[in-house]
Every structure is written in structure tokens, then in C-alpha cells.
Amino acid sequence: MQAFSPLGEFEQLVLLAVLQLGDEAYAVPVRDLIVARAGRNVARGALYTSLERLEGKGLLASRLGDPLPERGGRPRRYFTVTPEGVALLRDARAAVANLSQGLESVLEKP
Amino acid sequence: MTRRLGPPPRAVAWLERRLAGCPWRDSILGDLDEEHAAITRRRSRLAADLFYWTQATRLDVPGSTNREHRTGSRLGGSMSDFRLAFRNAFTHPAHTALVVIALALGLGLNAAVFSMGDALLLRPLQFPDVDRLVAIGHYRPGEMDNLNSNATPAGFLDWKRSGGPFDGMAAWSDWSANLTGGIEPERVMASRVSPELFEMLGVAVPTGRGFGETDATLGRHRVVILSDGLWRRRFGADPAILGGTVHIEGHAYTVVGIAPPTFSFPQGSEVWVPLVFDADETAVRNQRYLTVIARLKEGATLEEARAHIAVVAANLKQQYPLETGTLETAVQPIAQGLGDPGAGSLIVVWQISAALVLLIACANAASLLLARGAARSRELAVRLAIGASRWRVVRQLLAESAALAVLAVPLSLGFAWWMLRVMKNAMPARIADFIIGWNQIDVDGRVLLFTAAAAAATTLVFGLLPAMQSSSLRMVDTLKQGGRGSTAGRLRLRRVLVTAEIALALPLLVAAGMTSLGTWRFVNGPQGYDPHGVLAFKTTLPEASYPGLAERARFAEQVVERLKEVPGVLHAGATNVTPSSNSGWSARYEIEGDPPPATPDERPLADYRTVTPGYFDAMRLPLTRGRGFSTADTRESLPVAIVSESFIARHWPGQDAIGRRIVLPGRERVVVTIVGVAGDHIHDWFSSRERPTIFRPASQAATATLAFAMRTAGDPAAFAAGARSAVARVDPNQPIYQVMRQVDQVRERAIGPRYAAGMMALFGLIALILSVIGIYALVRHHVAQRRQEIGVRMALGAQARDVVRLTVRQAAVMAAFGIGIGGVAAYAVSQLLEANLMGMAENDPRLLAGFSVVLAIAALTAAYLPARRAAAIDPMVAMRGE
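Protein chains in written order, with the numbering used here: chain A, 1 to 110; chain B, 1 to 882.
Treat each hint with caution, since some may be false.
To be verified - For each label pair, taking beta carbons as the anchor points, the in silico distance ranges come out as:
hint	chain 1	residue 1	chain 2	residue 2	range
1	A	A94	B	L460	55 to 61 angstroms
2	A	E108	B	P410	38 to 44 angstroms
3	B	V382	A	L99	45 to 51 angstroms
4	B	A13	A	P69	15 to 21 angstroms
5	B	V382	A	A94	29 to 35 angstroms
Note that these hints are calculated values from the structure, not bench results.
Where a beta carbon is used, it is the ideal one built from N, C-alpha and C, also for glycine.
Working from the sequences, and respecting the hints, build out all of it.
Written out as C-alpha cells, the structure reads:
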């Protein structure tokens, strides 16, 4: 058991968004999704920094797509969550779930 | 619709450069491209472009930022340094305000002095192609280097004829003239100018015409160009004046043109007439009264002009060895040749002093930053510990210093603007007209640039030391000591800085004291006569109506009689030059019986005054021996003279001079007999304090320019109207000017020294304030740091008195060192000032002693206040508090 989760809250959001988007997970929709679902305003720089860090930790993998004319001939960088990433997400979710037990009356929306 | 709506290409290029080296560059650019297209579709092209530009300038992405944080080598990161620095500045408003005010005072002083130097020295004249204009003139070896009114008519004509690398050459002579007709007569500044002068200066005459070649021929030269101001003031801007007649010095002149509104060159002229020479004048080689300027041909250099004029001058010297005598010829850039020779050294002294004040401000800022550094040492140590390079931390701290300097710049410019305004308002317009470039003194783009540069240099001076100190690598100690680490070194450095402030302030204060004392003596010290209760005024008799000595003498006598009839006037007299007036009159002479000198130039020189009998009484100028002049001294009687004590001291020290005879060569050689001796008086504090003076009776030697002095019962200023009507009763066409109290005349004469003293006093005051702030901030900070220690001491039985003594003693040591070092510097400065500002600065050992005491008291008081707070600490609270 680890002392602290190596995942920051924002990192969790990024990983979840990448999972949600599946094959279409590149920076633009990842950001849009976090903005839309989590209600956060996300600076692009912060997102790229986070993506890079997650890739550095081995929780994300990325590949380049084909150059696209509507992007000025530039490729998209698609992300996928690695098994390690999924495992950490699970741990984090379990930790939250365990600690939330019995608090439904406080935490659930009325 | 196939037009591709890509993002703005310049933003793309910019971003590409910023992201160079970032491995994700292409995909990030692609993302932004895509978003740009989406926003264009959803909202508008403009919104999309705005979005893209915002990202291009603000996007921090991995690769660029990360690399930057790791190595600290990229310059692009400075922007974020600055942003952080400004944020930091505003989170500590009190600290920021202290530093910014100190810097603004220092920078503002420098900006103001630079503005003056720029206007008066660097580019006093603003004409098109001014770089091609040169001044040509004569000088005697060893004379002050100014070419104003220093060319002879024959010299000018010879230079002009010689061709050489010049496009044109023009001369003028300063003049002032009586303007009569219509409303009351008026004395105006005027110039006789070569017809080509306006064209050479690139000045067009907007109304009427300029001068042409024919205007410069004798007989056709009675034409005049009026200044715009005069035209409006006296002629109601009536265009019909063109072709009309005005009376100048009793002659009728035809108005041919009106000068452009702000033009008043040279010397604040309101009237320009053509310069013409009669046959005698063209041969004059020993009287210098013309100012000559020339325009260099395109591409010609100053050196070529100098070489050419040197050859011409050498030839002339061979041709006319007697007339030219020891006169040499010089060519200078116009700004240098016509600038004020005295202003140069004064402004240099000011700029050096201002730089010293800035240095004090820097020391102050550095000291305050060190204090902040102490409070932040934990933060910095953490940064260093987690891998920031020292250079990276230094850069951040320098950025913070730069942010403070940037905040100080606008404040300093406001301060400079205010100072210049005060100075300009205090300068009488009459004098301002004579100072070439004075009206251009202002805060302009050049001053802004100078201040920005000074601020940048300042940043390095005050920022580097604290930055190096705060980023030194003793971080482990710091962390271990709970953030109070490396205070000892920092404190030592701050003590050195504050000591340096005191050491710099003392010489400035002494210099301020010296110039103030000099000026005070100048204005209020003994003048040799009594300037109080005297009204003086001038008038100049035109040759047309007063052609000879007899007419002039009669006019003077009649006016004196009328003045005496004015109720309340006790005495009245006339002279050619009143003391402290801006004109002078000197004459060469020989002592009868002494061997004549080899050349006329070697004859001794004395101030020369012609006076009516009542003048000595009006001025209370004492006669020490012999008799004064009386109505018995007439044109027909024995030519007589009164000489001053210093004249006696020069030739016959300790002997009786009454009855001895002086030869006054000149157009008519006169031999005069000394009948009396007068006390010395001060005409000019700088150059003729006790100049040997020869007085002649006006009846035997009246001049065309007359100055009257009347001793009055009550305020002399109340007698101006009486003076005016007295003159009008003798000649209604005769204007009087410079009607002023004699004490005001003396005060106005001292305007230069008064400015100098005022400036120096300001320097000294600011230096004093800054060093007091420095000590106060240091002691206060020190006390705050040592709260716990003080608490322990008090708990162990130390009395409040001991705590105060302990704290104040440190300030006393700093003050003692500062005053010791500063005293040596002040002594050197006083010697320098005395040597360079002759008579303007008066040394007095009490000044150094007095200001040392003032500084010491100020320092101890500044230390005492926080010390008392320290003594009031409750030991229990202090020891509990972490």
C-alpha cells in the first residue's frame, strides 16, 4: 500500500477523459470534455504539461495520426491510458468509494 | 467556399519559434489550428484570431517551459519572471513603496539634470541641419572658450571672401534699441544680422519677406523684421504695418517682414535689421563684437573648416601683425561655440551630484531588498534545494528589482517634470531669453530614454548584490535554522550599504552648504555700497538725437535734477554701469611716467565708470580720500578721476595717489588727474569683486547708455512711476528699462549661483532623507529579527535602557564610520568646489562640523525610534513567538 496516491486530482480527470474518448482522445476533445463534464476551465498549457507528465510516468501512451489538411497539414497526437494508468484510477476510485461508505446522506444530491 | 481560414501567419511563425525544440510542437500547433477553425465557425474570424494570439503569447507548454525550468537558459522565460516579479511587488506594498520612492527620487533628479544638460549643452540650438553649422570667432590664448561676439568685422569679411568648405557665412551683432512712436517708448532686444542669416538657419519669414542682398547696402539698410510677439503686442497684429514705418533709435525703418511666432534668435530678439558696415568698420581688426556662423558644404567636415580657417588666419596675421596682435581664430560646432561657457561645468557638477544621490538611492534599495531577502530566505532555499540553478534564482530576483525600477520610472519622470517646472517658473524671462536652449528644457523622449537606461543600470547596481547574496548556496543551514539563516552576512552587507549612504550624503550636504553660503554672501554680504533703499533704471540715448558728449551730459544732469524733485528721493545720480547689472565697462590705461607696454594689449585694465556728482551719495559709496566730483568739473575744466582703493593698491600701495595722472588712450587720448579715492565695491561677485576702478565725471565723459540710481525714503519700488515721469519730462521719446530695486538687481545677478545652491540643497536634502530611511529600515528590521534574543536578554534582567543602548550603539558605529569616510570625501569635494566654482562656493570648516552633527543626530534618531519599540517588547511574548 502506498502512502499517497501518485495521481493528482487534475491528472485523474485527464485520464478519465482520455478513457471516455477512446480512439478520439487528443488534446482538443480531452480539454472540451473536462470543461463540459467537470465544469473546470482548463488552461491549454496546463493540459499539455499534465499530458506530458502522465506520459512520463508511463500512465499514458501517445501516437501521432496522419497529417490533416484542416490542421494546416499537422498530425493529431492521440492518447491511450496504459494498464498502469487504469490500475491507479481503480485504486483511487476504490479509495474514494471506501471512504464514502455510509456518507450517502451527506454526499448524494438531495 | 474553399478558402482556407488559417490562423494569423505571424502568430503561427511566432509560436513556431517559441515552441522550437518542443517534441510535441507539431501536434500542439495542429490542435490550435483546429480550435481556431472551430471558433471561426462558431463565432467570428476576429474572435478566433484573438484566441490564437492569446495562446501564442501565453501558452506554457512542455518542452519550452520544462526545458526552461530545468536549465534556466532560455530568455523567453524572462516574461514569466517579470509577471511573477510584478505580482510579488504588489503583494508587499509598503516595501515596494519605499524602494520605488527612493529610486524615483534618485532617477528623477538625474532626469531633470539630464534634461537641462541636453537642452543647454548637447543641442541648445534646433535648426534644420544644425550639425553642419559652425561658429567662427577669435579668442586670446587662455580665454574662456566661447565664440559669442568674438569676431571682428574685417575678420568676418576676410573669412567670407576666402570661400573654403562653406556654403554660406553670416554674422550678427547683439543690440538693443529704443522703439518710439505710438504708445510709450520701449526698449527692445534687437540684432543686426547678415541678410543670409534667416535662410542659413532654415527659418522662413511667413509674413512679408526676409532680407535680401540689397538690404545690406548702406543707404538702403533702414528695413526691419519684427518678431511675432512685438507685432501682436505693439501693433495689434495689424498686417498693414508691412511697408509702414517704425522708429528705432530715432531713425525711420520700413517694416518688411514678421518673423515666425516662436523665433527669437539670437538672444531673444524682437527686432532684426540688416548688418551693414561703413568703410571704417570694414577695416576694424581689433574690436570683437560680431558672432559669426557658417554652414559647411554637404560632406565637408569640421576639420576641413578648421584647416581652411587656420590658413586664412595665418595669412591675415602676417598681413596685419599689429592689429590682430595675439588674437587666435577658432572654429567650433555651433552648440559648443555659442553655448553658455559657465553652464557646462555647473551642469557637470550637478550631474555628478545627481549620480551620487542615485547611488545612495541604490544603496537604500539594495538594503531594503536584502531585508526582503532575509524574509524570503526559506523560500529561496527551498527553490535551490529542489533543483533551481543559482543563476535561475538570481534572474528571478533581478527581474523583481527590474520590476521595481520600472515602477519608479514614471514616478521619477513626474518628479523631474515638477522640478523643471519650478525651475523654469523661477527664472525671469529677461534672463531666460539669453540662455540658449533654456526654453527647450522639458521632459521629452530623450529624457525618457535616458531615464530608462539609467533605471536599467540602476537595477544592476541595486539588484545584483542582494540577488547574489540571497542565492548563495548555504541553503541547508537556512533550512535548519528555521528560515533565519545567513542573516549575519546579509546584515553585514546592509550595514556597509547604510554606512556608504552616510558617507555619500555628507559631501553632498557640505557642497550644498558651501554653495548656499556663497550665494547668501553674494546677495546679503557687504557690497562696498548700500544697495538697500535704491531704485535703479537704465536708458540708452540714440545717436540720432544725442550725437555728442555735451547732449548726453546735459540729459543726465537734467534727469538727475528732475529725479531729485520727486518727493521722497534723497539723492540721485547717474552712471554708465550700476553694480551687479549685466553690463560692464572696462578701459585700458597707462600710468603717466611708467614705461609704455610693448603692445596695446599689455596695458592694464580697470573697470571704468562715469558718474554724476550725486552718484556716490545715492549709492553710499564711500570716498576715503580727496574730494568727490562737483558741478565745478566741466568739459572745459581739468580732466579728473577718482580711483578705487584697489587701484591704489595695484600701483602705489601705501602711498598718496592724489595728484597723480593716468593716461586713457582711446580715440582721444586723455590724461586725467586723480582727485579722490573711493572704497572698493563689488560689481560682479565672480569676476570683479575688488576690481581696480576708475571713475570719471559724467560732465567730462558721459556715455550713451546711462544708468540712474536714486536713494529713496521708503520702498524704492514705489518710485518707478516718478522715475518714468522724470525722464519723460526731459525727453518723452526716451524709454527707460530694467527699472528695479538695487537689491533685486543684486539678487537677479545671483540667479546662477542661486540655482546652483538650490539644486545642491535639494541633492543634499534628498541624500539626507534617503540615508535616514536607510538607517531606520535597517534598525527596525534588525530589531524585528532579534525579538527573541531581546526577549531573552530582558528576561535575564536587561533593562529597557540597555536594549536601547545596544541597538542605538550599532547605528552610532555606522554613523561614525560613515561620517569619518564622508568627512574625508567632503574635504576633497570642498577643495574641488572652491577651485572650480570661484566665488560661488564659500568654504567654512563649520559646515563640515555642522553637517556631521546633523547627520549623526538624524542617524541616532532614526535608530532610536525602533530601539524604543524593541525595549517595549514583553519578554514573555517575544520568547513564545516563533
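(message) Tell me the hint numbers this structure goes against, listed in increasing order.
(response) 2, 3
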